[in-house]
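Given the coordinates of chain A, work out where chain B should sit on it, guided by the hints.
Next come the chains, spelled out residue by residue.
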Amino acid sequence: MNAPPSVAPLGKDLLGLASLSGDQIRLILDTAEPFKEISERAIKKVPTLRGMTVVNLFFEPSTRTRISFEFAEKRLSADTVNVASSGSSVSKGETLVDTARNLEAMRIDMVVVRHEASGAARFLAERIESNVINAGDGTHEHPTQGLLDILTLRDRLGDLRGRRICICGDVLHSRVARSNIFGLKTLGADVAVCGPRSLLPNAIDELGVTVFQRIEAAIEWADALNVLRLQLERMNAGFIPSLREYNRVFGVTSRRLAAAPRDVLILHPGPMNRGVEIDSDVADGEHSVILNQVTNGVAIRMAVLYLLAGGRPELAGAARRGGEA
Amino acid sequence: MTVAAGVTYGPEPTPGDLLLTGGRIIDPSRGLDLVGDVLIRDGVIAHAGSAISAPDGARVRDVRGLVVAPGLIDVHVHLREPGREDVETIESGARAAAAGGFTAVCAMPNTKPVTDNQAAVGFIIRQAQRAAAARVYPIGAISVGQNGEALAEMGEMVAAGAVAVSDDGRPVMSSHLMRTALEYARTFDIPVVDHCEDMALAHGGSMNEGKVSAMLGLRGIPDEAEEIMVIRDILLARRTGGHVHLCHMSTRGSVELIRWGKERGVRVTAEVCPHHFTLTDERVGHFDTNAKMNPPLRTQEDVDALIAAVKDGTIDLICTDHAPHHYDEKERAFAEAPNGIVGLETSLGVTITALVATGVIDLATMIERMSCAPARIWGLPGGTLAAGHPGDVTVFDPTAVWTVDPARFRSKGRNTPWGGVSLTGAPRLTIVGGGIVFDAAA
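Chains A and B, in that order, give the protein sequences. Take 279 as the starting number for the first sequence in my numbering and just add one per residue. Take 2 as the starting number for the second sequence in my numbering and just add one per residue.
It is possible that part of the hints are untrue.
With a straight-line Cα cutoff of 20 Å, these simulated EDC-like cross-link-like pairs (lysine to aspartate or glutamate) come out [stated by the list, open to error]:
| no. | chain 1 | residue 1 | chain 2 | residue 2 |
| --- | --- | --- | --- | --- |
| 1 | B | K331 | A | E372 |
| 2 | B | K113 | B | D87 |
| 3 | B | K212 | A | E484 |
| 4 | B | K212 | A | D483 |
| 5 | B | K331 | A | E404 |
| 6 | A | K290 | A | E407 |
| 7 | B | K331 | A | D376 |
| 8 | B | K413 | B | E92 |
| 9 | B | K312 | B | D34 |
| 10 | B | K413 | B | D329 |
| 11 | B | K331 | A | E394 |
Honestly, the hints are just simulated from the structure, not real lab data.
Isolated chain A, as found in the complex (with noise of 0.2 Å):
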């Protein structure tokens, strides 16, 4: 049986960081920790979501959230459908709105969104009823990404207030980017950017953030570098000169590192460019907390389809032991 729908304290959609306040969001990284623990249980399974259909519609390539969330699902009980652009009806010129349409005349309770354009989960949200979880929409955000971003540091760092968070690369481009900026900030993190300014928004400081154009004064002044993924597309449309150039002004390389006055925490969202924007001691270095990420976006991911649902957070606990209420 599914949780009492009860007013979802998220809303009905969870869409982007930038309009949680930071309750919302320590609610979920908290609703988070007790999710952790089925992962590591031989029968990851609890029936929490029993009942509920889900839909993952995935209108870019996707293979880590999609899979991330389609665990998720799963190891709450709900059913999945997952509809992929190529080989669906999307692919025949079907409008997003039909589309949703279409599914929603199918009696589904959530839709969960990955759009190649900004705005594409909220466009969605207003249309239809069920609840929406944006999986990624363009260059805007990719919220359960920030989350479980965040998720990690607290592991590591406890509090984040005050705490120096510096998200490294293309961040014109990052949705992952966006949602750290987002979530971090109302957190009380201090924030910080570091890339060529041909990859940071004209505008970035009045997202009130620090630029760093060098990134060794980046890791000078950081606890945690979350590093973003080099699409080989910016290169081609003149961003940059060279990949071998980036990584010799912005790779994080572990000669940089050992030059910082204490251990830097390393994040990355995958996937990786060994060599580019990382190299590979440091991805798999000591300090790198890159698969904890992997592990905490399943955690994430199952605290915000059940809250959504209308899961009461205090009966998270009691969902992991199976006996829902």
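The following block gives chain B in isolation, referenced to the frame of chain A:
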């Protein structure tokens, strides 16, 4: 006057007398502002001034408490015919214009096919005559197919009735083509009308580049994408002696550049749309496609500069860039939705609300920017109530308060950011050639 002789571009003159009595007549072309009567005889202004007795058989309208002005003219509209008659037709557009208080509009040539030849110009005029609402003056393309390569046959288009040339919707990216167009157009004494946008710099952006675009993750269009083309066009107009008219100005920098050009005697004129002097990029909010247009909504600083430029005349005239789109086309993710909003039926109300009711400009200045200047600068009939000129008159209530309901538009387009907004100032009577083409009381 550049219009083709004897062509009406709209309804035939209405025979007989029409007398408008007791209105506040504001005609900036003659410095007139008084309560009195206007008589139109056989489609032509016969008298505008003190009260007169009604001639025998005259149709008489009591317009006490209303403003009587030379007909408003919008030099920048997209009527979509031929090609997208599902979105707008010359008839629906001309009726929307009349309902908005406009007695004449100029239709941009980015139709399908493009209005780049004399036959296409003739088609628009014929449709406008059939519609018999507001007059519709065709604008021909600068380049064949608006492809930015070879000059279109301007001479033939002007002979057929075109009043200007423009590749609007697109900029003229080739500076050489722009130079040639400015030189060639001098023969016909028509403005070359440019959509100022450096496409490479705009780089596929969908809104103003700034804090809001950074927050929303939308690719931004910097001010300089407009300003680089504004100064290029001004310099080329200076070089050639041609008349360049700059479309839909949106930035403070553009205003400064136009001022620079005018101070040096360059033949540069410019227009601004109501949305650009009232709304900012904050209006995009959560990806509202009714706040998506090109050029994009900018910042409060730009809005303030544009208002000052309307007040001091650096910007010569107000137009709408009326751009109807199908419901489905705007019902998309922001970056994928088309640019533009409809404007004909909100322009007067938005302008009075934002500029007149607030005391920034007076009604005479507004009428100058919306009627006299368009006529004078583009060489169009109208823009005055002097005897002997066409009987094109707009009667409006400057204090009426109303709420915008897009479902009631005469335009087929519903894409407006002002749905549900309360406006002050509404058209009451639109008269073209002595015939009533819109009557709010009807």
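Each hint tested on the structure:
no. : hint            : verdict
1   : B:K331 / A:E372 : holds, 15 Å
2   : B:K113 / B:D87  : holds, 13 Å
3   : B:K212 / A:E484 : holds, 6 Å
4   : B:K212 / A:D483 : holds, 9 Å
5   : B:K331 / A:E404 : holds, 15 Å
6   : A:K290 / A:E407 : holds, 8 Å
7   : B:K331 / A:D376 : holds, 14 Å
8   : B:K413 / B:E92  : holds, 10 Å
9   : B:K312 / B:D34  : holds, 19 Å
10  : B:K413 / B:D329 : holds, 13 Å
11  : B:K331 / A:E394 : holds, 17 Å
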